[in-house]
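Need the complex rebuilt from these two chains, each delivered in its own frame; the hints are there to steer you.
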Amino acid sequence: MKKVIVISGLVFLACSSLFAQKYICKDGNVHLLSKTAMLTIDGKNNKASSILDSKTGDLVVQLQVRGFKFPEALLEEHFNENYMQSGTFPKADFKGKIANIATVNFAKDGEYPIDIVGKLTIHGETRDIKKKGKLVIKGGKVEGTSAMNISLANYKVKIEESYKDRIDDNVALTMDLKYELYQAK
Amino acid sequence: MVRKINFKIIVAFILLTPFSVFAQDDSLMNLLNEEVKPERQEVEYTFKSTRVINAQSIERMHQGQLDFRINHRFGQLNLGSYELWGLDQAVMNFCLEYGITNWLQVGIRRGNVDKLYDGSMKLSLIRQSKGGIHNMPVAISFFSDFSLATIKDSARYHKDTRDRFAYTNQFIIARKFTENFSLEILPTYVHRNLAAFDEKNDILALGVGGRYKLTRRLGLSFEYFYANNSKKTTTKYFNPVSLGFDLETGGHVFQLFLTNSLNMVENRVIAETQGDIMKNGIYFGFNISRVFGGKKNKE
Chain A
0 MKKVIVISGL VFLACSSLFA QKYICKDGNV HLLSKTAMLT IDGKNNKASS ILDSKTGDLV
60 VQLQVRGFKF PEALLEEHFN ENYMQSGTFP KADFKGKIAN IATVNFAKDG EYPIDIVGKL
120 TIHGETRDIK KKGKLVIKGG KVEGTSAMNI SLANYKVKIE ESYKDRIDDN VALTMDLKYE
180 LYQAK
Chain B
0 MVRKINFKII VAFILLTPFS VFAQDDSLMN LLNEEVKPER QEVEYTFKST RVINAQSIER
60 MHQGQLDFRI NHRFGQLNLG SYELWGLDQA VMNFCLEYGI TNWLQVGIRR GNVDKLYDGS
120 MKLSLIRQSK GGIHNMPVAI SFFSDFSLAT IKDSARYHKD TRDRFAYTNQ FIIARKFTEN
180 FSLEILPTYV HRNLAAFDEK NDILALGVGG RYKLTRRLGL SFEYFYANNS KKTTTKYFNP
240 VSLGFDLETG GHVFQLFLTN SLNMVENRVI AETQGDIMKN GIYFGFNISR VFGGKKNKE
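Going line by line, the protein sequences match chains A and B. Heads up, the first sequence is in numbering that gives the first Met the number 0, so the first residue is 0 and it goes up one at a time. Heads up, the second sequence is in numbering that gives the first Met the number 0, so the first residue is 0 and it goes up one at a time.
The shape of chain B in the complex, shown without the other chains (with noise of 0.2 Å):
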């Protein structure tokens, strides 16, 4: 009877020992994993800066934060080395962005072409998020713009102010769907108040924007939009496409890539390209971003 109970107290003591030894470190780990419960966490970081190349892309200022960018777009790559392949004839456009809040950016932006000002504006609706109970598998928001030639008369534009107007009002849905690979589309709605006999004033596109990081300063971006303007106009339109690398070096986005619109303005990016890259209508462009300042947490 006695070496019976020996017996078993050495086998409980061998199956409880272990218990109470590896009982330590993970385990611990594990209730505290258990009871604090990571919180959902909003994906950012989608894109390197606001724009992909010429669309919008789903990053914003944040509060307080001011955008300065530079965009060029040069001549044809075909010209040969008398116009430096393109880069004796430059178009270009600066602009300054701003984050309201947190959610509301608004910018202004000028353009050598037609002397073109521009205002916008873009909300952040909804965010992509992870980690928590309920995600949210995109992030939603609406960008809206309005264009005006300010250039005195030319073959295009007359006295009347009206017919100077042009509009964007587009959203932007975007996934990050890992941490190197980004996409977007753009449903977009462009309406010009003058349009030529033959053109349309109201254009329907459809945009697709990517990135995929290379490295953690260096990205592959592209662009495309499908839109709906007619095919037997005069003047021969085509749907805007551009590939390009984005190089961030601490202070500044470099954006350098090529493209078939001379534009820089989305209305005008997306109805009137006019760069047909089966005829050499490539265009190498940069864009240069610099933030400044923005306090993202309130204390």
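So that you can see chain A by itself, here it is in the shape it has in the complex (with noise of 0.2 Å):
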């Protein structure tokens, strides 16, 4: 009797963990923003994916490269090819985790500062971030906001010194999130 309740006992924790509350968003924006007094670069990918794990933290996000969009096709032309070598890298992707997930109440409507914290992969390099952001819990959607400074050199993302009074190293990411409740297939 007692080995029955031990093996329930642990099958059932075994299953809460896979049926953890998972929030996906299928269609995020990200902004990327860069300004120079001779050019302005700014691009919109409204095909962001993530996955929050609001038990655990864990938090994936990954896009195409490729699905940024430039007002000017040979402004894209150029980020694309010249420098983000989307066909080399297609991918740009987010793993690791809400640090302060256990002040998140995911059943309480309000504002939640997040501290993001996890590797950061553009261009193929890999980067250690920690970064700033916001959970908005309304009526059980979350929405999951973050703005960032990325420096291009950083990601070996080169830029030619010729260029470098038009493209800023410095490049401001804004990312908007707008999530649901993951139903298992």
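Hints are computed from structural coordinates only; laboratory data are not their basis. Any given hint might turn out to be false.
Stated by the list, open to error - Derived, one-sided and incomplete: chain B residues facing chain A with beta-carbon distance under 8 Å:
{"#": "1", "residue": "Met28"}
{"#": "2", "residue": "Glu34"}
{"#": "3", "residue": "Pro37"}
{"#": "4", "residue": "Gln40"}
{"#": "5", "residue": "Glu178"}
{"#": "6", "residue": "Arg215"}
{"#": "7", "residue": "Phe283"}
{"#": "8", "residue": "Ile287"}
{"#": "9", "residue": "Val290"}
{"#": "10", "residue": "Gly292"}
{"#": "11", "residue": "Gly293"}
Claimed, not checked - Heads up, simulated SDA-like pairs for lysine to any residue below, C-alpha to C-alpha not over 25 Å straight-line:
{"#": "12", "chain 1": "B", "residue 1": "Lys129", "chain 2": "A", "residue 2": "Asn44"}
{"#": "13", "chain 1": "A", "residue 1": "Lys46", "chain 2": "B", "residue 2": "Gln127"}
{"#": "14", "chain 1": "A", "residue 1": "Lys25", "chain 2": "B", "residue 2": "Asn134"}
{"#": "15", "chain 1": "A", "residue 1": "Lys90", "chain 2": "B", "residue 2": "Gln273"}
{"#": "16", "chain 1": "A", "residue 1": "Lys43", "chain 2": "B", "residue 2": "Met28"}
{"#": "17", "chain 1": "A", "residue 1": "Lys155", "chain 2": "B", "residue 2": "Leu246"}
Idealized CB from N, CA, C, for every residue including glycine.
What follows is the structure in structure tokens.
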């Protein structure tokens, strides 16, 4: 009898970790902006995807670099061909967690500041990052936002000397990911 | 009995605990990849500009984009320092090409040889794609051009305006094999209203053009056309062949090359190339392309 209780207890534990609350986002917005006196590079990607585990705080985000759309075709070509080399490095992703997930009450509406910690991969280069963000819980819906600056040189995106007055090393990334509850199929 | 259960608990914990630990990172990313399948993507940037060298490439102007091109061909390379190795003699041609939609480009050109005007259109029919379930292995475009010689009476052209027209119709079938290597073939039909008594008015040709990217801004390009014009004509014609570099500098694309053709309009490049590479019929030439504006993505 005792054996049955123990085993069913274990099975329950195992299951509960399998069915932890997950949230998914399939069409998140990521906006990149680099501004110099000579040139504004303003790209939008509205196909970022992400899963957030509300229990463990685990967070993954990914997007197709080619999905960034620019107002000008030539800008888009140069972004893909000369700088991001998106044919060779098609994806950018983040794997990590929300360190202070315990402070977020998914059952209660409100704004929760979050600490995002993990590995960001851009242009085939992976770097540890630690950034601030925000989770907004409203009526069971979860929206995650974050604004961060990244250095192109840090991800080995090479800007030639002669273009440095046009393309700033510092790029502002803004993320807006609207999650819904994940239903396992 | 009690001991036995304890042992089983320990084993169960050992088996289950690592599972839930490893279940984090990668399984979440795998789940994401499972849920959000990558979409089919158009393969773009197969060539650096709308020309391989003389031949049309699969590239086109997108909606609202305007390409201004200046093309020069110089004299024979072996002319020596007095002619500055051919640079003293130049034939030139400039053109404007505009994308009306993302699948239709129109262009006009003017060249100084025979004061040739021409109008062209390029239709993007099929685009190469990847990443989806059903992908297209190649891109196909159709290119059509007519030229009109507006020079006053010359040895070749007289009063009859009809004689002054010539046409090219061409399919461009291209594939970007790798990030660096692209190849295309060009089945071509050329019709000249006026041809010499021993020449054909209709000429079929098959072209091949390729590009190999050496660095992100520098590419090596080549092209060749096999044309079925007669080899027994009074004026000797040769198959056009060219080899050169594409250099992209942000706003401009420079194409610097060697070719055996002084012509720049398709029907003449293919049907009337006179440079014999075995007899120093090699010329230096360049194309400069500057692309303006254009909204690729409608908001």
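Do the hints match the structure? See the list:
1. Met28: holds (5 Å)
2. Glu34: holds (6 Å)
3. Pro37: Where the cut-off is 8 Å and the nearest Cβ of chain A is about 7 Å from proline 37 of chain B, the hint holds.
4. Gln40: holds (6 Å)
5. Glu178: Holds: closest Cβ of chain A sits about 4 Å from glutamate 178 of chain B, inside 8 Å.
6. Arg215: Holds, because the Cβ-Cβ distance from arginine 215 of chain B to chain A comes to roughly 5 Å (cut-off 8 Å).
7. Phe283: Constraint on phenylalanine 283 of chain B not satisfied, violated at 26 Å.
8. Ile287: violated (15 Å)
9. Val290: holds (6 Å)
10. Gly292: holds (7 Å)
11. Gly293: holds (5 Å)
12. B/Lys129 x A/Asn44: holds (19 Å)
13. A/Lys46 x B/Gln127: holds (21 Å)
14. A/Lys25 x B/Asn134: It holds: about 22 Å lies between the C-alpha atoms, which stays within 25 Å.
15. A/Lys90 x B/Gln273: The given pair, whose Cα atoms are some 49 Å apart, is violated under the 25 Å limit.
16. A/Lys43 x B/Met28: holds (23 Å)
17. A/Lys155 x B/Leu246: holds (22 Å)
The structure fails to meet hints 7, 8 and 15 from the earlier list, while all remaining hints are met.
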